[in-house]
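2 protein chains.
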Amino acid sequence: MKFKQAIIVSIFLVIGQTCLAQNRISEDFKPSTLNQPGQEYPEVNSQGYARFKIKAPDADSVRVSLGLGGSGGTRLVKGADGFFTGTTEGPMDEGFHYYHLTIDGGVFNDPGALNFYGSTRWESGIEIPAHDQDFYALKDVPHGNVQQILFASKSTNTQRRAFVYTPPGYEKNKSKKYPVLYLQHGWGEDETAWSNQGHANLIMDNLIADGKTKPFIIVMTYGMTNELRWGHMKDFKIEPFQTVLVDELIPYVDTHFRTIADKDHRAMAGLSMGGMETHAITLNKPDVFSYYALLSGGIYTPEELKGKTKPKLIFISCGSRERPDGVKNAVTALKDAGYNAVSYVSENTAHEFLTWRRSLHELAPLLFRD
Amino acid sequence: MKFKQAIIVSIFLVIGQTCLAQNRISEDFKPSTLNQPGQEYPEVNSQGYARFKIKAPDADSVRVSLGLGGSGGTRLVKGADGFFTGTTEGPMDEGFHYYHLTIDGGVFNDPGALNFYGSTRWESGIEIPAHDQDFYALKDVPHGNVQQILFASKSTNTQRRAFVYTPPGYEKNKSKKYPVLYLQHGWGEDETAWSNQGHANLIMDNLIADGKTKPFIIVMTYGMTNELRWGHMKDFKIEPFQTVLVDELIPYVDTHFRTIADKDHRAMAGLSMGGMETHAITLNKPDVFSYYALLSGGIYTPEELKGKTKPKLIFISCGSRERPDGVKNAVTALKDAGYNAVSYVSENTAHEFLTWRRSLHELAPLLFRD
Chain E
2 MKFKQAIIVS IFLVIGQTCL AQNRISEDFK PSTLNQPGQE YPEVNSQGYA
52 RFKIKAPDAD SVRVSLGLGG SGGTRLVKGA DGFFTGTTEG PMDEGFHYYH
102 LTIDGGVFND PGALNFYGST RWESGIEIPA HDQDFYALKD VPHGNVQQIL
152 FASKSTNTQR RAFVYTPPGY EKNKSKKYPV LYLQHGWGED ETAWSNQGHA
202 NLIMDNLIAD GKTKPFIIVM TYGMTNELRW GHMKDFKIEP FQTVLVDELI
252 PYVDTHFRTI ADKDHRAMAG LSMGGMETHA ITLNKPDVFS YYALLSGGIY
302 TPEELKGKTK PKLIFISCGS RERPDGVKNA VTALKDAGYN AVSYVSENTA
352 HEFLTWRRSL HELAPLLFRD
Chain C
2 MKFKQAIIVS IFLVIGQTCL AQNRISEDFK PSTLNQPGQE YPEVNSQGYA
52 RFKIKAPDAD SVRVSLGLGG SGGTRLVKGA DGFFTGTTEG PMDEGFHYYH
102 LTIDGGVFND PGALNFYGST RWESGIEIPA HDQDFYALKD VPHGNVQQIL
152 FASKSTNTQR RAFVYTPPGY EKNKSKKYPV LYLQHGWGED ETAWSNQGHA
202 NLIMDNLIAD GKTKPFIIVM TYGMTNELRW GHMKDFKIEP FQTVLVDELI
252 PYVDTHFRTI ADKDHRAMAG LSMGGMETHA ITLNKPDVFS YYALLSGGIY
302 TPEELKGKTK PKLIFISCGS RERPDGVKNA VTALKDAGYN AVSYVSENTA
352 HEFLTWRRSL HELAPLLFRD
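Protein chains in written order, with this note's numbering: chain E, 2 to 371; chain C, 2 to 371.
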């Protein structure tokens, strides 16, 4: 009897502790690394909970769009000091998340956080520290530059903007020429996304410092995706952007930077809707790029590639919370058909930027190897 | 009698029309050029009035910080559709203005407008078209690049950011070396201000296209001014920033860009508190810079320059709504003492960015002439 009782008590103790552990929030909150200078909130803790604090003394309701899936976000509670506070009801996925506030029915940004262009507007951003965040950390290594260029576009009758990453050493080796990766953002984002949210430059700086990738140039421009309402991607016409990219931007980059200006030294990659653009343009213009990469942005099939010049590499990735089987199956089919195809699945991430930071980190070492 | 009546009637008509004219707001409102993509509001009209429209259906009060001097901003009025709308009670000064919303007692940005770093936070920005806006317009001329660089700073144990404008043709003429202007932002701003708010790159592109200035490099970094509360400028210690600028950034720029790395080809300028920094550093380090410029940022006196190497140029400017007499008198005193000094007063502007855009436009052609 005593033994049995002890077991039952132990079981209840274990269950009780587990429940407690699940509900216990570590009070080791620190400001998110993406806060505006000097701002304490939003905070994140070591478990991935996010905590918000918003001053709005005369408001009735403040809600944060960020929260567990299906929870509709986090409702903040007003204190006597006029601040609304609240914590997500569970830990968030590691990495970068967009969010906004709804204050008395209107949509605004969190004055504590930096803004990032997504959903066709500048949104608040928060960073849940990832266990592998070291690969995109700002370290004391030689840094490449991110250059804003403005190029004339006849087809759109505008002066358009792009950002160009030049690797460390680019200024010194005045005779060296470099291959180029054209890297596209997703729907609702723009040419700032891969540097601001994606840390593409830091990922490259760190890979190059470790000798893990050849140095190359990255070009990021606006994919003209935002004119489309969300959910109407099939209505998107690729031609206007294809003309800007292939007939205007690539020639500009090839005349203004020290590029190896041929197909064998040119790659195209894109995330989400930028993957759809990459898919369409690489198939429409098989003589322009040799390396194709889709990050949470669809797949290639052997059928659609048939009869065209073989790319040197097809890279397809997504987060484990997306459709990893679709990615893996597509790559198996491509390999079976004789293509050099690689799949990558980012563990415990969804359709968000940590998936794409990791994907770039996996992709870069595979580019321009011969 | 008839004649007298006619005169009286005419007088009243004239008075009446004048009053009407003063109160009549032209309904030619257009979206501000600094709106987020696709956003209609805020709007500005040809007279310089600004109109706002904010969705906040359950809010009690929405106020805009922008308004005529002393008016405390513009109070918006709630409509049946849940939108708060309102127009400034008079025309605003031409040029760029920071602003924010106060919603039920909390401070937020206008979701329609782009954000600009000022007052130690990212604020909403609006542009009242200036009659001379052509000099900083984005035109179909050859464009220079604005490069983000990251440099190691031992004195602060950080990797620090700066932006470097390289003029059109910089990539092509691989043997040509360029002089450098170090250009500082004001209190509460950072290294993004001179490109985003100031359009320094477009001002230079246009001047160079017109043959009005020698091409030179501009370097913009964070002046470490924001740690100080507003109104406590006298407590500011220049040494930490001076070390970063003179001992760390200048050597980095001189080794990573094609500069003419001597005093005769180096200028320093700053706006507002950046002018105070320029004043202090040029006097502390008279062997580093040859051209000094203070934009709404104090003056030099012959006494403090006495015994030091003579600068090639001292440029002092401000807006006509600041203290133009102080600027003019200071320059007269400098000239009398044998210095090459130039004053510039921006008409009908205050302590705001149109003053500084115009000042840079006046300053650039005077730099590096021999």
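Quick caveat, the hints were computed from the structure, so don't treat them as lab data. Mixed in with the good hints there might be a few duds.
Because identical chains cannot be distinguished in the list, a pair is counted as satisfied if it fits within a single copy or across any two copies.
Capping the alpha-carbon separation at 25 Å, the derived lysine-lysine pairs in BS3-like fashion look like this [claimed, not checked]:
| id | residue 1 | residue 2 |
| --- | --- | --- |
| 1 | K155 | K173 |
| 2 | K155 | K140 |
| 3 | K173 | K329 |
| 4 | K175 | K215 |
| 5 | K313 | K286 |
Now the hints, each set against the structure:
1. For the identical chains of this complex, K155 and K173 are inter-copy neighbours only, at 23 Å across copies versus 33 Å inside a copy, given an alpha-carbon limit of 25 Å.
2. Only between protomers do K155 and K140 lie at most 25 Å apart by alpha-carbon distance; the minimum there is 13 Å, versus 40 Å within a single protomer.
3. In this assembly of identical chains, K173 and K329 lie within 25 Å of each other by CA distance neither inside one copy nor across copies; the values are 42 Å within and 45 Å between.
4. In the homo-oligomer, the alpha carbons of K175 and K215 lie at most 25 Å apart both inside one protomer (17 Å) and across protomers (24 Å), since each shortest distance falls under that limit.
5. Taking CA atoms no more than 25 Å apart as the test, K313 paired with K286 passes inside one copy only; the shortest distance there is 15 Å, against 56 Å between copies.
The structure fails to meet hint 3 from the earlier list, while all remaining hints are met.
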